[in-house]
Amino acid sequence: MDNLKKAILTSLWFMFLTFPLMVVRVNTIEKIVQWRFMNMVYVGVGAFVLSYVWRYLLAKRQIGESRDETGGGRRSFGARLLSEPRLYVPGLAALGLAALAFPLAGSMYQVNIMITALIYVVLALGLNIVVGLSGLLVLGYAAFYAVGAYTYALLNHHFGLGFWTVLPIGAGMGALFGILLGTPVLRLRGDYLAIVTLGFGEIIRLVLENWSDFSMGPSGISGIDRPSLFGMQLSVNGSTIYMYYIMIGLMLLTIFFTNRLKNSRIGRAWIALREDEIACQAMGIDKTRTKLTAFALGAAWAGLMGVVFAGKTVFVNPASFTFLESAMILAMVVLGGMGSIVGVVLGALVLILLPEFLRDFALYRMLIFGAAMVLVMVLRPQGLISGERKVYRFQAGEGSHE
Amino acid sequence: MNKVLSVTNLTMDFGGLRALNEVDLDVRQGEIVALIGPNGAGKTTFFNCITGMYDPTEGEVLVLTPGGANVRLNGMKPNKVTEIGLARTFQNIRLFSSMTVLENVMIGRHCRSRAGVLGAALRDPRTRREEQEIVDRSYALLRELGLENSVNEFARNLPYGAQRRLEIARALATEPFLLLLDEPAAGMNPQETMQLKDLVLGIRERYQLSILLIEHDMKMVMSLSDRIFVMEYGQMISEGSPAEVSRDPQVIRAYLGEDHHA
Ligand SMILES: Nc1ncnc2c1ncn2[C@@H]1O[C@H](COP(=O)(O)OP(=O)(O)OP(=O)(O)O)[C@@H](O)[C@H]1O
Ligand SMILES: [Mg+2]
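Protein chains in written order, with numbering that gives the first Met the number 0: chain B, 0 to 401; chain F, 0 to 261.
If you are wondering where the hints come from, they were derived from the structure by calculation, not from laboratory data.
Among these hints, one or two may not hold up.
[As the list claims (entries may be wrong)] With a straight-line Cα cutoff of 16 Å, these simulated EDC-like cross-link-like pairs (lysine to aspartate or glutamate) come out:
| id | chain 1 | residue 1 | chain 2 | residue 2 |
| --- | --- | --- | --- | --- |
| 1 | B | K286 | B | E276 |
| 2 | B | K389 | F | E152 |
| 3 | B | K286 | F | E82 |
| 4 | F | K79 | B | D212 |
Isolated chain B (complex conformation) (with noise of 0.2 Å):
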């Protein structure tokens, strides 16, 4: 009743609010004021429904939130969906299958779209060790991305050097940039560090624009080479097919990788980190070290997708590296949920894919493209997937004697 209450009075706040705007018109030609009330009812009505709405979900969450804590380690139910392979086994198989017939079906410019995807999935990946696991926001993530595409942009320019070779080298440069960054920022915690790593990327990003000797400024590198299948250039549609199985091997192998880093020693050392830094000092673990491995492992996946970026466009400029990127990055973990490898997936599949379906409501895309992450973020403020932890197996029935 009282949310009832509260919605009516938010309407009528915003029509009040709406007034001036939405209702008086003055035609200047005809020289008369149109009253149109008609505009009142609707903001009124869809105040009315939206302020509701808001009100029973936020009311329900925290409903959600107090039987949680009461109720001890109940698990969300995409955590339960995980952790049942009679439910996921099928369903990974036919992805699986789709994933691998979709450039036959599919027209290039939606293999073109996958391809991005898939390259977003694994820039997730990467962050998500540095800011999921690990707790460190970092907000200049596409500084490393960047590395790596200069990487191969100038490799190839200068010297000729080819796109596989180049591969290692760009995830090497990412992780080196990553501990460059790192270091002076150890000490630097949320948002400190935040600014930091903010400034960071926008540094390299002016760098790269204004050092025209070293990276060709604004105008940036083109003709990059594609990567090449046993010494063959393919024809420009066969090789974005070739990309895209790049980056299906690509995102499976970082998966494969993340995931068995996430339940190591070094994966639950930056859990560790994330939840208690002083707490995790104490309990033996090596803080730089610790960071500084987050910081050359997330960094490193940048580099790599860097690299493919370049091979991918081939061309390369500052302005594929700017700040929205590195946000859209961090959305992709936030709204996946931080730290979960299933959720990040999602988030980023999500986040790239959502407005290229929209484009069917041009205007309206960006529109309701942010109207569904904030619903996200106020039904599931902990990500699409969250809370999963590994459930180890230990000798039962064995005497505690060492």
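With chain B held as given, fit chain F with the ligands onto it using these hints.
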């Protein structure tokens, strides 16, 4: 007997505030020593100084490792101190709340294991063996502390007393020779406190370690400790067996105030 910990002349300044003033304290092998004192006396600060959280302004912190080496801990990083063999719990519980109970203890094994990034990716037999050893030993510790029924629960969902015990389990996982407990009975009811007392005695027996604990519960302190150190306003004002300390007029004054004469 051998002194596993000897602190001499320890002073800690925070800007103008002297939280510790030329404090001496020692713990002998296998002893349970209590550090008591009114609120704000500097007990937690003392712990922070010997575990590397703070770098003391002056003084010496020396330990004798089971290997027979004398090590000076001043200015060492906390993780190094833990590696050497001191482990602590916190006055305000500091668990890794969104990790499971088992994982919390597994973190304690970090400094006693070696697997790196490559090991994690390849999962070679050595890494797998090490991982299994971590899990098994952590589970054994949880059984010992009576937490085996909540192994896979999130640490934050445990009741208060269990969280305190989990902190002890986590500290034990680092294989310390000196265990530092900061108010382990805080927030426990009398029955839980009694169980805790037996637990602490059991731990000393089983792991052959020495224990230094801060505690406000006098009944527990008096019945548990071999020796007691009393602190007030950053100064050590008394030291001795429980009987000696409880007779000390200075201690009585510190606890009951100036006006009372026992
Ligand atoms: N990091 C710090 N910076 C400044 N002052 C501090 C700091 N840590 C502790 N102090 C001060 O040092 C004094 C001793 O504090 P400490 O926490 O060691 O007391 P305590 O004996 O553990 O008390 P309690 O029984 O309440 O836990 C207090 O006056 C406190 O305000
Ligand atoms: Mg204290």
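Numbered hints the structure breaks, given as an ascending list:
4
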